[in-house]
Amino acid sequence: MAGLLDKRDDDRVDGEIDTAGMADISFLLLIFFLITTTFETDTGIGMTLPPPLNDQQPPPVKDRNMLKILVRQDGQVMIEEKASSFSQIQRKVKTHVLNNGKSDEYSVSPDDALVSIKTDRATPYSGYIEALDEVKMGYRQIHDQRARQRGFDSYQAYKNQLEAGAEDAIREQIPLNISIAEPSGSGGGSSS
Amino acid sequence: MAIAGHFEKSSADAGDEGIPTSSLPDIIFMLLIFFMVSTVMRQTDVKVRTTLPQAESLEKIEQKRLISYVYIGPKKGNVEGSGQTGIQVDDALVKNVANIQAVMERKVADEPRLIVSLKVDEDAESGVLRDVEQELRQANALRINYASTGENS
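Chains as they are written, first to last, in numbering that gives the first Met the number 0: chain A, 0 to 191; chain B, 0 to 152.
Don't read these hints as lab results, they were simulated from the structure.
Among the hints, a few may not be true.
No more than 25 Å apart at the CA atoms, straight line, and that leaves these computed lysine-lysine pairs for BS3-like [to be verified]: (1) A:K91 - A:K61; (2) A:K81 - A:K67; (3) B:K59 - A:K158; (4) B:K63 - A:K158; (5) B:K94 - B:K75; (6) A:K117 - A:K158.
Next comes chain B alone, as it looks inside the complex:
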């Protein structure tokens, strides 16, 4: 009985079932969940063209959740008034520079450690940038970051 049982068991092991694939989906799902969590879908539709300037003394912003983006540059072709300088805060174009203060005040109230990343086109006039910075100061959003790319890229 014991011998027969042993014989049967070993035949089941070496049977023609192949490699057990039942745990394969679990492994794949683990990987899948990792990538799903780490993926940040781009939901903002940038309406202005920004070619970032190059710089050497770069810093990385690790806390992506604290960042709020401000884009300054010429408006894209499919947007009304294309070619003119446009300012976009996160996902909407700002008509009047003076509106930025109210928008930013709300953001600072939600997240006091807010970092404003300024994505400014390299040919944009710095006067416009100064106006935006004044608005940020008024709204107490003082941590800013001039987005720029590395020298080699």
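Isolated chain A, as found in the complex:
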């Protein structure tokens, strides 16, 4: 066996496998994976649902602490039962959260402030997301403002410098209290 191999070695003086073709094959595979790879990250609006209620009533909320936003099925926005528009939400949220007991209509403190978003069952999803987005943007501006007071460019910059597990003081002061109310006019609802 060894003799046979020796003989073959003698035949080919170069004695190497031609690897030039290898590169071509792997290039083809590489191009295939380059094309199929998508580095898309999922983006969206993050929310945390309240834990399921076990026959206990949710804690009562004072009416003044709750900013009620209703998006009707025709797209009409109602803030505290008054006709309004999507562009008003952000401003209203800011006055509501940062009221600190000044006005009787708005919250006692940012900690107690709650924003409730309610929709009709037939309200299109885009209307609901638009309202939620506006509320989130309102909160983000408050957070950004607080971060700037601490000498950061934005709330995101403040959050990035926090060590893992460290307390987020801004979030602690102004918690994101958004409640999604059960839809009104539940025609043919099948929630169990």
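Dock chain B against the given chain A, drawing on the hints supplied.
Just chain B now, kept in the frame of chain A:
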């Protein structure tokens, strides 16, 4: 002897062998393996049409492995009962909303840090979404994300 050896060596260096290409496949393979690892093949076949709404206050989900998708929207043309609102959890259509709880409970047991990404068509009724959310609450899958695209895209 030494001079001859030196002469021979330098002639081998400057010989007509060209650039050594033997390590080229190794480099390419390295790149190849990188892309193979980072590629996520789409194995789910979405049976409902979802045009995502636009929003500004977006967050990115970095941990792709924790995500489970729920699609809500009108069923596509080639699916039975097309046009009607369909709910799809990962890769299968759900016939009854009440089944979602059991499916999600199993997923939460496997991965407690589960994030449910809700891909809902912008024209879908939010009543259906509320029903799904109630199911998620019952199953203790509380981290959700309303998938939406950026304002400019």
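Hints and how they fare:
no.	hint	verdict
1	A:K91 - A:K61	holds (18 Å)
2	A:K81 - A:K67	holds (10 Å)
3	B:K59 - A:K158	holds (15 Å)
4	B:K63 - A:K158	holds (22 Å)
5	B:K94 - B:K75	holds (15 Å)
6	A:K117 - A:K158	violated (30 Å)
The structure fails hint 6 only (numbered hints given earlier).
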